[in-house]
Amino acid sequence: MKAATIRPDSKNLYAWIAVLVAIIAGAAYAWTVQTIEGLGVTGLTNIMPWGLYVQFFSFLLGMGGGAIIVSAAMDAAGMQTFKSISRISIVVGVVAVALGSVFILGDLGRPERAIYFFISPNLESSMVWDMIFMILFLVLAVGYGWFSMRADLARKRSPLAFGVNDLSEKALRRDRTMSRILAAATVVAGGLVAYQASLTSWTLSEHELLEALSMRMLLAPLFLFSALASGVAALLLVVAILTRYTDVKTASGVRESMAKMLAVLVVLNLAVVIAETAIVDFRGRMLFSVIMEGPYATAFWSAIVIGVIVPLVMLAYPRTRRLGSAVTLASVLSLAGVFLIRFSLLLQGTLYPHITYPLGIPMQAAQTVWSTVGSYTPTLIEVIVSAGILAFGALLLTFAVRTLPLKPEEMA
Amino acid sequence: MAKRYGMVIDLKRCVGCQTCALVCKLENHQPLGLWWNRVLTIGGPEIDTPSGTYPDLQMSFLPIACQHCEDPPCVEVCPVGAAYKREDGLVLINWETCIGCRYCIVACPYGVRVYNWRSTKEQEIPDFQVGAPEVPARPLGVGEKCTFCVHRVDKGLQPACIPCPSRARFFGDLNDPNSEVSKLIKEKGGYQLKSELGTNPSVFYLPAKR
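Keeping their order, the protein sequence lines are chains L and V.
Residues 1 to 412 (the working numbering) are what the first sequence spells out, left to right.
Residues 413 to 622 (the working numbering) are what the second sequence spells out, left to right.
Hints are not guaranteed to be accurate.
Chain V residues, not near chain L, derived (Cβ > 10 Å throughout) [stated by the list, open to error]:
hint, residue
1, 413
2, 427
3, 450
4, 457
5, 458
6, 465
7, 467
8, 488
9, 531
10, 568
11, 570
12, 572
13, 585
14, 622
Now the in silico label distances, taken between C-beta atoms and shown as ranges [to be verified]:
hint, chain 1, residue 1, chain 2, residue 2, range
15, L, 120, V, 607, 53 to 61 Å
16, V, 539, L, 221, 52 to 60 Å
17, L, 139, V, 589, 25 to 33 Å
18, L, 352, V, 541, 32 to 40 Å
19, V, 414, L, 302, 49 to 57 Å
20, L, 221, V, 603, 34 to 42 Å
21, L, 32, V, 425, 47 to 55 Å
22, L, 139, V, 496, 52 to 60 Å
23, V, 544, L, 293, 44 to 52 Å
24, V, 607, L, 241, 34 to 42 Å
25, L, 139, V, 507, 41 to 49 Å
26, V, 607, L, 25, 46 to 54 Å
Taking lysine to any residue and the SDA-like style, the derived pairs with C-alpha atoms no more than 25 Å apart in a straight line are [unchecked claim]:
hint, chain 1, residue 1, chain 2, residue 2
27, L, 407, L, 172
28, L, 407, L, 81
29, V, 497, L, 129
30, V, 497, L, 407
31, V, 497, V, 427
32, V, 606, L, 294
33, V, 621, L, 81
Honestly, the hints are just simulated from the structure, not real lab data.
Here a beta-carbon is modelled for each residue, glycine too, at the ideal position from N, C-alpha and C.
Using the sequences plus the hints, can you model the full thing?
What follows is the structure, given as structure tokens:
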């Protein structure tokens, strides 16, 4: 074992938790300022009312759904190779999707009224379906995780077994059946949650798409492939961190298989981007024609190069693919690529108001009173709040690693 | 037949004086930096500037506020039902239940919804309620927009912007073929903004050139 391994008695563990708690505390302060002074402390305006928070919401739901889809599908099909990674993927998927809901809370102007999502939900609203699919996904994924870990939890005498300590052959068989059924259901829910959240954050969806409803179908592959790519990349990254710093180990060869899988998903993602560019250009000013010229063109195309093409080369080349550090770097780049591509698409959707005559739209911002075109840069408050929510996720992952049977010797 | 309140704005008569925008702002006690009703200039790059070169100049105005759509995208996307449409066609916001997610602002194709970005202390100038006492002050973090002056309409009055200095604004029942608005739309070729989106606004414009 390496010296840096985080053990129950390790000082490193407490230092790590202390750092995370400090970031969360900073975010709690920033969020309090935002709630008291108003969302005017963010970079958002009446032209571009959605930014970093909505982006993280959509990105994390896609990533969480994507992370679980791959391994749960393998699990439901009974493939043994991916067994060592399936529990980690459940934890990553559940934490990511749960964090997505926290980002929505962070985005609300009146977070104390979030209860109206349950009191008076409007089933016509895409955002309500985000919530429905999110809850469905969390229930199914937690159930899937519980049935696949129950026996090991019972052996550990963990309270998380909820007193179901029956280790008879019959009980184990029931666990296996239930976890397979729930794995299959989770795959479906993961797809729904990943696609639905992308659709909501797709800021053109409600008006431009009234003109071209078929765009929804064209966008489906883009959302799903980018969600799957980010899910597999996140999984690879988490596995790399766990292997380096904890006792959690995965079966040999799993990482290389996942790296190949990531390469395939990155190719598919690139293919749909190219296809969409071609298709949409025939329709005039839409999706990619704007992204090719607008202020987010640089971000978009750098993301394609750094976040798609570079990791693709690294993953396609067998020598680098077998190198752990190269795979980790490729995963980080793919994650950043998916994040930036989706972010530039989200922002360009609201960049130009539909009616652009002067004076334009009132901004209620100190710098600009009126504007006919949008501009958005996240403020420090938004960055700190986002960092805090992500740190909260890292804390949840840390507790999961400490309490759940993820280590090989804990798995029967 | 139920009433469907609507507005007709004659672009040929509008002189871009902004009176309707100001009256609306005072009547509905809009905070600093937010406007429910605006008069845009169709012409040059700035307000009150024409397009073209002298002597071939073109300039007209487009007063714009909530279009009170028959099929409003903002109502469709509101997750909690705080944005709603009344039987008489008025699209309103319940400021008691709005969660401030801004989905309606994203969805509105007319860009007429605004949001309370800043805390009320600094945004209320003057710092006492002006205009109609029935109009509630909006809390921080909710969306707001033109209500067709629902507080006046419910008393049988016309919206505050209707007494326009150049008589460009008309208000009435679109479902009544004999109402002033219905006749104007029919006789002078009233059209809706972005009608291709299928939102079917209750605000009609009479062309500037006719």
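To see whether the hints hold, each was checked on the structure:
no.: 1; hint: 413; verdict: holds (25 Å)
no.: 2; hint: 427; verdict: holds (16 Å)
no.: 3; hint: 450; verdict: violated (6 Å)
no.: 4; hint: 457; verdict: violated (6 Å)
no.: 5; hint: 458; verdict: violated (5 Å)
no.: 6; hint: 465; verdict: holds (18 Å)
no.: 7; hint: 467; verdict: holds (22 Å)
no.: 8; hint: 488; verdict: violated (5 Å)
no.: 9; hint: 531; verdict: violated (5 Å)
no.: 10; hint: 568; verdict: holds (30 Å)
no.: 11; hint: 570; verdict: holds (25 Å)
no.: 12; hint: 572; verdict: holds (18 Å)
no.: 13; hint: 585; verdict: holds (27 Å)
no.: 14; hint: 622; verdict: holds (20 Å)
no.: 15; hint: L:120 - V:607: 53 to 61 Å; verdict: violated (31 Å)
no.: 16; hint: V:539 - L:221: 52 to 60 Å; verdict: holds (54 Å)
no.: 17; hint: L:139 - V:589: 25 to 33 Å; verdict: violated (54 Å)
no.: 18; hint: L:352 - V:541: 32 to 40 Å; verdict: holds (36 Å)
no.: 19; hint: V:414 - L:302: 49 to 57 Å; verdict: holds (55 Å)
no.: 20; hint: L:221 - V:603: 34 to 42 Å; verdict: holds (38 Å)
no.: 21; hint: L:32 - V:425: 47 to 55 Å; verdict: holds (51 Å)
no.: 22; hint: L:139 - V:496: 52 to 60 Å; verdict: violated (31 Å)
no.: 23; hint: V:544 - L:293: 44 to 52 Å; verdict: holds (46 Å)
no.: 24; hint: V:607 - L:241: 34 to 42 Å; verdict: violated (55 Å)
no.: 25; hint: L:139 - V:507: 41 to 49 Å; verdict: violated (33 Å)
no.: 26; hint: V:607 - L:25: 46 to 54 Å; verdict: holds (53 Å)
no.: 27; hint: L:407 - L:172; verdict: holds (19 Å)
no.: 28; hint: L:407 - L:81; verdict: holds (15 Å)
no.: 29; hint: V:497 - L:129; verdict: holds (21 Å)
no.: 30; hint: V:497 - L:407; verdict: violated (56 Å)
no.: 31; hint: V:497 - V:427; verdict: violated (31 Å)
no.: 32; hint: V:606 - L:294; verdict: holds (23 Å)
no.: 33; hint: V:621 - L:81; verdict: violated (73 Å)
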